[in-house]
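Trainee: Chains as they are written, first to last, in my numbering: chain A, 1 to 378; chain B, 1 to 378.
The hints are simulated quantities; they were obtained by calculation from the structure and are not laboratory data.
Treat the hints with caution; some may be incorrect.
[Stated by the list, open to error] As a list, the in silico BS3-like pairs of lysine-lysine whose alpha-carbon atoms are at most 30 Å apart:
1. A/Lys13 with A/Lys288
2. B/Lys334 with A/Lys246
3. A/Lys100 with B/Lys246
4. A/Lys15 with A/Lys284
5. A/Lys154 with B/Lys100
6. B/Lys246 with A/Lys246
7. B/Lys74 with B/Lys281
8. B/Lys67 with B/Lys246
9. A/Lys333 with B/Lys246
10. A/Lys154 with A/Lys246
11. A/Lys246 with B/Lys13
12. B/Lys246 with A/Lys13
13. A/Lys67 with B/Lys7
14. A/Lys278 with A/Lys37
15. B/Lys278 with B/Lys74
16. A/Lys37 with B/Lys67
17. A/Lys67 with B/Lys37
18. B/Lys37 with A/Lys37
19. A/Lys365 with A/Lys13
20. B/Lys13 with A/Lys67
21. A/Lys100 with B/Lys100
22. A/Lys154 with B/Lys246
23. B/Lys100 with A/Lys246
24. B/Lys67 with A/Lys7
25. A/Lys334 with B/Lys246
26. B/Lys154 with A/Lys246
27. B/Lys15 with A/Lys67
28. B/Lys246 with A/Lys7
29. B/Lys365 with B/Lys334
30. A/Lys13 with B/Lys67
31. A/Lys15 with B/Lys246
32. A/Lys100 with B/Lys154
33. A/Lys318 with A/Lys288
34. B/Lys67 with A/Lys15
35. B/Lys15 with B/Lys288
36. A/Lys246 with B/Lys7
37. B/Lys333 with A/Lys246
38. A/Lys100 with B/Lys7
39. A/Lys7 with B/Lys100
40. B/Lys15 with A/Lys246
2 protein chains.
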Amino acid sequence: MDSFIMKLIAVSKEKGMISFATGLPDKRLFDTEGLAKAALNVFEDEDVARDALQYSTINGLLPLREKIAQRCRKEMSFNVSEENIFVINGSQECFDLIGKMFIDRGDRMVVDDPGYLGALQSFSLYGPSFIGVPMEEDGPDTERLKGSLKEHPKLYYSVPDHQNPSGISYSSEKRKEVAELLSGSDCMMVEDDAYGELGFDGRVGPPIRSLTDNVILTGSFSKIISPGMRIGWMIVPDGMTEMTMKCIESSSLHANSFSQNVMNCFLERTDMNKYLGKIRKEYKRKSKLMLDLMNDHLPSELRWNTPTGGMFILLRTKEGTDAMRLYEAALRKKLVVMPGRPFHISGGENTIRLNYATADDEGIKEGIRRLASAYREF
Amino acid sequence: MDSFIMKLIAVSKEKGMISFATGLPDKRLFDTEGLAKAALNVFEDEDVARDALQYSTINGLLPLREKIAQRCRKEMSFNVSEENIFVINGSQECFDLIGKMFIDRGDRMVVDDPGYLGALQSFSLYGPSFIGVPMEEDGPDTERLKGSLKEHPKLYYSVPDHQNPSGISYSSEKRKEVAELLSGSDCMMVEDDAYGELGFDGRVGPPIRSLTDNVILTGSFSKIISPGMRIGWMIVPDGMTEMTMKCIESSSLHANSFSQNVMNCFLERTDMNKYLGKIRKEYKRKSKLMLDLMNDHLPSELRWNTPTGGMFILLRTKEGTDAMRLYEAALRKKLVVMPGRPFHISGGENTIRLNYATADDEGIKEGIRRLASAYREF
Numbered sequence: 001m002d003s004f005i006m007k008l009i010a011v012s013k014e015k016g017m018i019s020f021a022t023g024l025p026d027k028r029l030f031d032t033e034g035l036a037k038a039a040l041n042v043f044e045d046e047d048v049a050r051d052a053l054q055y056s057t058i059n060g061l062l063p064l065r066e067k068i069a070q071r072c073r074k075e076m077s078f079n080v081s082e083e084n085i086f087v088i089n090g091s092q093e094c095f096d097l098i099g100k101m102f103i104d105r106g107d108r109m110v111v112d113d114p115g116y117l118g119a120l121q122s123f124s125l126y127g128p129s130f131i132g133v134p135m136e137e138d139g140p141d142t143e144r145l146k147g148s149l150k151e152h153p154k155l156y157y158s159v160p161d162h163q164n165p166s167g168i169s170y171s172s173e174k175r176k177e178v179a180e181l182l183s184g185s186d187c188m189m190v191e192d193d194a195y196g197e198l199g200f201d202g203r204v205g206p207p208i209r210s211l212t213d214n215v216i217l218t219g220s221f222s223k224i225i226s227p228g229m230r231i232g233w234m235i236v237p238d239g240m241t242e243m244t245m246k247c248i249e250s251s252s253l254h255a256n257s258f259s260q261n262v263m264n265c266f267l268e269r270t271d272m273n274k275y276l277g278k279i280r281k282e283y284k285r286k287s288k289l290m291l292d293l294m295n296d297h298l299p300s301e302l303r304w305n306t307p308t309g310g311m312f313i314l315l316r317t318k319e320g321t322d323a324m325r326l327y328e329a330a331l332r333k334k335l336v337v338m339p340g341r342p343f344h345i346s347g348g349e350n351t352i353r354l355n356y357a358t359a360d361d362e363g364i365k366e367g368i369r370r371l372a373s374a375y376r377e378f
Numbered sequence: 001m002d003s004f005i006m007k008l009i010a011v012s013k014e015k016g017m018i019s020f021a022t023g024l025p026d027k028r029l030f031d032t033e034g035l036a037k038a039a040l041n042v043f044e045d046e047d048v049a050r051d052a053l054q055y056s057t058i059n060g061l062l063p064l065r066e067k068i069a070q071r072c073r074k075e076m077s078f079n080v081s082e083e084n085i086f087v088i089n090g091s092q093e094c095f096d097l098i099g100k101m102f103i104d105r106g107d108r109m110v111v112d113d114p115g116y117l118g119a120l121q122s123f124s125l126y127g128p129s130f131i132g133v134p135m136e137e138d139g140p141d142t143e144r145l146k147g148s149l150k151e152h153p154k155l156y157y158s159v160p161d162h163q164n165p166s167g168i169s170y171s172s173e174k175r176k177e178v179a180e181l182l183s184g185s186d187c188m189m190v191e192d193d194a195y196g197e198l199g200f201d202g203r204v205g206p207p208i209r210s211l212t213d214n215v216i217l218t219g220s221f222s223k224i225i226s227p228g229m230r231i232g233w234m235i236v237p238d239g240m241t242e243m244t245m246k247c248i249e250s251s252s253l254h255a256n257s258f259s260q261n262v263m264n265c266f267l268e269r270t271d272m273n274k275y276l277g278k279i280r281k282e283y284k285r286k287s288k289l290m291l292d293l294m295n296d297h298l299p300s301e302l303r304w305n306t307p308t309g310g311m312f313i314l315l316r317t318k319e320g321t322d323a324m325r326l327y328e329a330a331l332r333k334k335l336v337v338m339p340g341r342p343f344h345i346s347g348g349e350n351t352i353r354l355n356y357a358t359a360d361d362e363g364i365k366e367g368i369r370r371l372a373s374a375y376r377e378f
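Chain A with its partners taken away, still in its complex shape (with noise of 0.2 Å):
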């Protein structure tokens, strides 16, 4: 499968290719001036600057952490000690510690179905027996969660909000009993926070964390500020802070200090609330543009999901076809898209995710009239 997501990013970047295909968010949105002013900030003052290019703590900058602990508290109805706060180089590292940390060979763990692959690619180098959730349209199966608890998983990695690749949510009722099922077990969520912020009219419930104490939260600034700044964190259970930092410096000492102060420098700038502002609109306007053009151009035996948040659309093909097919005829067009079979744990051939933060209007124009011209040869 790697090697097929390989071959999927060195297709993209051929000469005339529009990509619906990866996670890319969308970079005419890097605030560039804003960013280019902290850089020279953190250069302004010869110690801080000497600071920031030097070794670093292993838990990150206190500054960046108690920035992050505020959001927490203002937004995301919990509170939370910057003792609890791990900065890292980005949310894919927290998963390969978290992996690290908790899975030996054939320890069942709960994902959701479809799940986010990168997350599902991360945990399985420690070879972990994998229990699908099916997701619904209100958030996952929680009858079938049930039951998986009853095996003794010891992780449930899930992403309640604008979830990759469906673009579902969980609802609220499902978010208190997701957190109710978890504080009666011994198993941990992974409570994957990457689109929370990107929701188009704010948030759309209180994070499982403000809810039960059995989850490590992980957050990035990949998708709202800049992923090649790769600054992730994660926020663990009193209990897990002194082998989290362990295993920090195990893993790769700390994470990138020049970045994080530079990242600092940005936020104290920077109206966290006005900026995101800008962004949301922008993703939903995209997203209506993309939706509005699939009705008029796709026929009615496709199905998707209406995004209210995050980056995604999950197309389904009738029930029983192969969309890998799809996929193919899209690339003769020149149109990459993300197959959704690799996402699940069962099933899923059916279902092609589609990027509607990536391109451009004209890219999102043309890309869905090739998708309509390749659905006509499928």
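Once you have looked at the hints, place chain B on chain A.
Mentor: Frame of chain A, contents of chain B only:
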């Protein structure tokens, strides 16, 4: 042991404390002006900036890999394709990736004795059984290495130039012997070149990688340009490129592309040999300052090496004494040193590692005075 090091780092920050304990390079040597210009450069071109802030290639920025390949050709006596070079978040992450790719619990692994603690900790997470090969004054005990290779170890981790913690470099003869032993074995060497560029009079010898193919060479900008930017690399044999790519993708997606772009701009404007000349000269001067003071103030029953590069002096108290007591006495005098025991597979109780790079001249002078005074209590 981990928590001991964390305590050490914490204690180093106390007011009035002088530290010879860590592996920090001299932050006064960071070229803040050059790096500020490089950062500005990245932001000057809107397209370059947006790409530097976006997700990037798994194996690292091509122009940066080309520069590393060029340096291998020009200064390190071997040819390598950019395809075999992987830029990652510091060489600590290399060790983690290599451990992940090679070590299953119980596998044998040969290491220097004493050897670099950070690497040993990283590999430890994968549960190898370590076989220590004593470091002699001119490199590893090759008879012992030969014997160890018969036990089919998966890896042989070593630092041939200005080793941490001993300061020892392999002689030319030992380089050839080690290369020959490896060529006839099924063991992969991990050649840690962290200090190779810090020879006071240039490189002390050809890397083992230039003598045999059975080598993964790890390099880093941490000791020569900036550790906070977290840019290291590994150069892998032909058969390993695909596996390495997959392992990086699953573990951390890719190295910080913002840092990589700044570093690349910096290197484009920098005459590397001239730049390194300045750093080598300064470290040579500081090592001489410390050695002269040690000669003047420490009694003759203490023994130590005379480094030809790198950052460390390994001090030996009399055979049979416990240098941990010297560490404790020094701490009471507000000097932090690093006990050598944890670097050893066996023995080493009578060793202390001193770093002459971190402190300024005043710190070195006062630190050695404190060490001498602590020794009188010892």
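Trainee: Tell me, in ascending order, the numbers of any earlier hints that this structure violates.
Mentor: Failing hints: none at all.
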